[in-house]
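Protein chains: 2
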Amino acid sequence: MEDVKTFESICNLLRNRSYKLTPQRQTILQTFLEQADRHLSAEEVYMLVKHQNPEIGLATVYRTLDILAEIGILLKNDFGDGRSRYEFSRKDEHHHHHHLICLGCGNVSEFDDDLLESLEAVIIKRNKFKILDHDLKFYGYCHECGEGH
Amino acid sequence: MEDVKTFESICNLLRNRSYKLTPQRQTILQTFLEQADRHLSAEEVYMLVKHQNPEIGLATVYRTLDILAEIGILLKNDFGDGRSRYEFSRKDEHHHHHHLICLGCGNVSEFDDDLLESLEAVIIKRNKFKILDHDLKFYGYCHECGEGH
DNA sequence: AAATCTCTTGCAAAGGAGTGTCATTATCAT
DNA sequence: ATGATAATGACACTCCTTTGCAAGAGATTT
Ligand SMILES: [Mn+2]
Ligand SMILES: [Mn+2]
Ligand SMILES: [Zn+2]
Ligand SMILES: [Zn+2]
Chain A
1 MEDVKTFESI CNLLRNRSYK LTPQRQTILQ TFLEQADRHL SAEEVYMLVK
51 HQNPEIGLAT VYRTLDILAE IGILLKNDFG DGRSRYEFSR KDEHHHHHHL
101 ICLGCGNVSE FDDDLLESLE AVIIKRNKFK ILDHDLKFYG YCHECGEGH
Chain B
1 MEDVKTFESI CNLLRNRSYK LTPQRQTILQ TFLEQADRHL SAEEVYMLVK
51 HQNPEIGLAT VYRTLDILAE IGILLKNDFG DGRSRYEFSR KDEHHHHHHL
101 ICLGCGNVSE FDDDLLESLE AVIIKRNKFK ILDHDLKFYG YCHECGEGH
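So the protein lines, in turn, are chains A and B. When we follow this note's numbering, the leftmost residue of the first sequence carries the number 1, and every step to the right adds one. When we follow this note's numbering, the leftmost residue of the second sequence carries the number 1, and every step to the right adds one.
Take the hints with a grain of salt, since some may be wrong.
Identical chains blur together in the list; that is why a pair holds if it fits in one copy or across any two.
Unchecked claim - Straight-line C-alpha distance at most 27 angstroms; calculated DSSO-like pairs for lysine-lysine:
1. Lys130 - Lys76
2. Lys91 - Lys137
3. Lys91 - Lys130
4. Lys137 - Lys125
5. Lys91 - Lys20
6. Lys91 - Lys5
7. Lys76 - Lys137
8. Lys20 - Lys76
9. Lys5 - Lys50
FYI, nobody ran anything at the bench for these hints, they're computed from the structure.
Take these sequences, add in the hints, and give me the full structure.
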């Protein structure tokens, strides 16, 4: 229920949900905290985490990411590159933020303004559809890759 | 270059791109035309097509869907259920339309208004990102599933 | 501190969508 | 009809992800 995501607060959250605080989970969490602005795949987390603890298994990484997403610490994204990518969720967000995906270099940047409220209002009325969440991605070319396109 | 999607016009388009007009491709195309409002997966197309021609292979379905997407007849969508889903593209669309995905029954409905133009203008200016396309999905509950949620 | 209970781990195997290989077959221009 | 070339179907294979399982901790109680 904290707003700030410290290592300790997340550990407490795990304990409160009666998840055991194993060294593997702590290492994965710490690694993620050091890469807080990135959108990492399970494989990438695995590689990073192996520097700290070469004994860790890929399945454990997958399971831990699942748990962290389940308790609301991480968000699971699909940017269309064939693997799920995780990032810290921001508690203050009403909805998820949007993503700009560069078709040149694959870099993912973010766009925070919602601006979808009015669109959602229209949809709710016109389609009788109760919106819980949205997922908005823009595909194009970033500033570096933009030349020539 | 036609606006109306008839079987014949698409056959001509295939021929013009020097794709051979095989019975398998014709069957797949016809089947799709009979399900024009749906968002079918390769496996679903395969099942439908097998009624007409039980000899057809799944790989051929995948290859044909690829071709039809490549020549702009079909759109390839990812609704997060682990398989690609195809639908007819509408030539008149400036951008892709949006999708409402029901978390109850999985039904996919559509939302045509763009309304993302202003958002895109902001993004282009603020993020120096050249937008080519977008992908907007709303997750929630449809009218039928809406009760109790 | 030891025992106990339960959860977790690492490994290997299995799933599942999609792609590649290749011998055989079909299309289409001539 | 013939031949160049492309397409097909079967199946093996890739890739990401999940699962089964025996062994190994973490937490909790004595
Ligand atoms: Mn993000
Ligand atoms: Mn659609
Ligand atoms: Zn780029
Ligand atoms: Zn529904």
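Hints violated by the structure (numbers, ascending): No numbers; nothing is violated.
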